[in-house]
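First to last, the sequence lines map onto chains A and B.
Under the working numbering, think of the first position of the first sequence as 1, with each following residue one higher.
Under the working numbering, think of the first position of the second sequence as 1, with each following residue one higher.
Read the hints as simulated data drawn from the structure, not as lab findings.
Honestly, I wouldn't trust all of these hints.
[Unchecked claim] Now the stretches of chain A that chain B is said to cover, found in silico as 3 or more residues with beta-carbon under 8 Å:
id, region
1, 22 to 29
2, 111 to 125
3, 132 to 144
4, 160 to 167
5, 183 to 195
[To be verified] Within a straight-line C-alpha distance of at most 25 Å, the following computed DSS-like cross-link-like pairs (lysine-lysine) qualify:
id, chain 1, residue 1, chain 2, residue 2
6, B, Lys300, A, Lys119
7, B, Lys62, B, Lys262
8, B, Lys262, A, Lys119
9, B, Lys135, B, Lys165
10, B, Lys198, B, Lys161
11, B, Lys69, B, Lys96
12, A, Lys119, B, Lys198
13, B, Lys262, B, Lys247
14, B, Lys330, B, Lys356
All values derive from a computational prediction rather than experimental measurement.
Using N, Cα and C, we set each Cβ at its ideal position, and we do this for glycine too.
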Amino acid sequence: MAELLQHLLNGLVLGGTYALLGIGLTLIFGLMNVVNFAHGEFYTLGAYVSFAALALAGIDFFAALVVAIVAGAALGWICEVLLLRPLRSESIDTTMLVMIGVWIAMQNAELLGWGGVAKSIPHPFPTAPLVLGPVAIAPLRLFVLVLAAALIAAAWLLTQKTKLGRAMRATFQDRDTAALMGVGIGRIHAATFAFGSGLAAAAGALLGPIFLVYPSMGDLASLKAFSVVILGGLGNLPGATLGGLLLGIAEELGAGYISSGYRDAVGFVIIILVLLLRPSGLFARQERIA
Amino acid sequence: MGKRSIVVLALVLVALAALAVPGESQAPIKIGVIEPLSGPVAASGNYVRMGAEIARDWLNAKGGIGGRKIDLLIEDNKSDPKEAASAAEKLIVRDKVPAIMGAWGSSMTLAAMPKLEEYGVPMVVETSSAASITKRGNPWIFRISPPSEMEALGLEQYVDKLGVKRVDFLAVNTDWGRGAITAFGDMLTKKGATVGAKEFMDQSATDMNAQITKIKATGGDTLFLTTAVEQITLVMKQAQEQRLGRKIVTTGGSSSPTQLIKQAGAAAEGSYHIVFFMPWFPESMPDGKLAKAFVDEWAKRGHPSEGLTEGFRGHDGIATIAEAIRVAGKDDPKAVREALWNVSLMGVNGPIKFDKDGPAGKESGQSRPSIFVVQIRDGKVALPDFLAKK
Numbered sequence: 001m002a003e004l005l006q007h008l009l010n011g012l013v014l015g016g017t018y019a020l021l022g023i024g025l026t027l028i029f030g031l032m033n034v035v036n037f038a039h040g041e042f043y044t045l046g047a048y049v050s051f052a053a054l055a056l057a058g059i060d061f062f063a064a065l066v067v068a069i070v071a072g073a074a075l076g077w078i079c080e081v082l083l084l085r086p087l088r089s090e091s092i093d094t095t096m097l098v099m100i101g102v103w104i105a106m107q108n109a110e111l112l113g114w115g116g117v118a119k120s121i122p123h124p125f126p127t128a129p130l131v132l133g134p135v136a137i138a139p140l141r142l143f144v145l146v147l148a149a150a151l152i153a154a155a156w157l158l159t160q161k162t163k164l165g166r167a168m169r170a171t172f173q174d175r176d177t178a179a180l181m182g183v184g185i186g187r188i189h190a191a192t193f194a195f196g197s198g199l200a201a202a203a204g205a206l207l208g209p210i211f212l213v214y215p216s217m218g219d220l221a222s223l224k225a226f227s228v229v230i231l232g233g234l235g236n237l238p239g240a241t242l243g244g245l246l247l248g249i250a251e252e253l254g255a256g257y258i259s260s261g262y263r264d265a266v267g268f269v270i271i272i273l274v275l276l277l278r279p280s281g282l283f284a285r286q287e288r289i290a
Numbered sequence: 001m002g003k004r005s006i007v008v009l010a011l012v013l014v015a016l017a018a019l020a021v022p023g024e025s026q027a028p029i030k031i032g033v034i035e036p037l038s039g040p041v042a043a044s045g046n047y048v049r050m051g052a053e054i055a056r057d058w059l060n061a062k063g064g065i066g067g068r069k070i071d072l073l074i075e076d077n078k079s080d081p082k083e084a085a086s087a088a089e090k091l092i093v094r095d096k097v098p099a100i101m102g103a104w105g106s107s108m109t110l111a112a113m114p115k116l117e118e119y120g121v122p123m124v125v126e127t128s129s130a131a132s133i134t135k136r137g138n139p140w141i142f143r144i145s146p147p148s149e150m151e152a153l154g155l156e157q158y159v160d161k162l163g164v165k166r167v168d169f170l171a172v173n174t175d176w177g178r179g180a181i182t183a184f185g186d187m188l189t190k191k192g193a194t195v196g197a198k199e200f201m202d203q204s205a206t207d208m209n210a211q212i213t214k215i216k217a218t219g220g221d222t223l224f225l226t227t228a229v230e231q232i233t234l235v236m237k238q239a240q241e242q243r244l245g246r247k248i249v250t251t252g253g254s255s256s257p258t259q260l261i262k263q264a265g266a267a268a269e270g271s272y273h274i275v276f277f278m279p280w281f282p283e284s285m286p287d288g289k290l291a292k293a294f295v296d297e298w299a300k301r302g303h304p305s306e307g308l309t310e311g312f313r314g315h316d317g318i319a320t321i322a323e324a325i326r327v328a329g330k331d332d333p334k335a336v337r338e339a340l341w342n343v344s345l346m347g348v349n350g351p352i353k354f355d356k357d358g359p360a361g362k363e364s365g366q367s368r369p370s371i372f373v374v375q376i377r378d379g380k381v382a383l384p385d386f387l388a389k390k
């Protein structure tokens, strides 16, 4: 029983990190219809910026997190304006190819700049675990889970309850009508991409201290983020959150009770089943936009 | 064309010819190197490269081989077996190297091996531990690192002193990890220990909590951990988070205790590590003087001290190939392979000399490297109590 509870807690913590990766991508992929292969690279960027701010510039952990988010959002904005804006009327395949290029360029730039040796981000939390009855959790992981929940809630409020969020949804539902209603289309596109990239950078800065930071760390993150988005349904924030938790818990239980050698296979079997049985995602309320 | 220009042209041609002739006979001897310089195990691969460069520079400072300088052609296998195979092909076909050192991970080495046989070029294996590498009947393979079986035999004498009764395994899901579980599992079962969980992790996995929770439930006393230092760091931190409370023994010699002390901190306290080089006490190595010189040179170059336990592999691999080329008297792949059977030299690890291993008629070479056990105690690397001189 204690083992099952610990597995569930591990799965929840892992799932929270997947959800955080997934919501940034679901905004870009689901709302903007850009297959963003570079999502994992913004995650890596966040981790490296946080490392640089902490280890080289010497500012504190929480300020470094903010710097990472700002850097991720800023680069996302630049990326949208320079690369995606000229291609707005092109097909989804064209932008996908561009994003594959961005992925390769960013990963190799990180390799060039930082070298291949993994870095470890220091953090101010105690390493001794918090013991809650039969289970244990590291304070840093608890912090990450709480902050992930807060970021997810903030993203949901932004898209659902604010004027900017309404403008975003309107733009991606029907760009021409939104423009006629006085929505600044260009700004909305850039803001959405910057927001999604900022969330990826936040995930990198948060998970960097738990794991290690190296140039190819984004590949695994991209893979998980795409899985989560497909599970939850495109553009569906609550879906991405639940999808992330589901994936985390499924992998954890699969590794715990089936075989740890097939840990990733468990997640992908679920994704194949979802694609076969509910192609628009487990938690989809509506058909895919565009 | 005036007379003057003809004279100038003639002079230029003569000068070019003069440059070309000695260049021809003094062309450097090329040695191929395939290491993971990027990807999840990049740290280790880069350290091996640094060690290889030290060997090259030392040899060149002594005048090279027969007056010819040594040139290393270093390829990145990106921690990926597919890349290892194409790197081997490139080194052989395009660069025409007479010998290769590589390719760190067992899966990468195994992937490169068919290319060696196809083109007939020998490879000195400096790190890989999977038994299958020398058992497959590839006569172009010469291994200076110990296979897991040899490592397990080296540890056998200490099993009682370590107090291993009920053991669990956690290993990277590659040829290396799977081979290590078999080898150490067999040895420990023979010594009367019971084997509990056998768990695996993907090479790029970062969250091992599921495996640790499962291992915790078996109630064993020791965890044998086989992977590279990056994942060892993560497992140790996550084991501490879950209060696993086991004796941890790492195998494979890629645990870099110095880096663990830095990056895993208290989580690494008390753990035991099988290593093939003890840079903390070079005087205890078979050739204390060479070991000391290597440690000093490493520090002089500003390389991180945590890389020494990998770096020596690069030195020993290049020293072995260079010795074979010297014995052969030419840099021809076939001649170098024949010469490898006759080399006998002292590496940083200890004596290097190849015995035959694998199916008769197609044997690979296997050296008998020295194996050591160290412990992390009070934030420092120390000899375990049962080995320390009283």
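Output the numbers, in ascending order, of every earlier hint that fails for this structure. 1, 4, 5, 7, 9, 12
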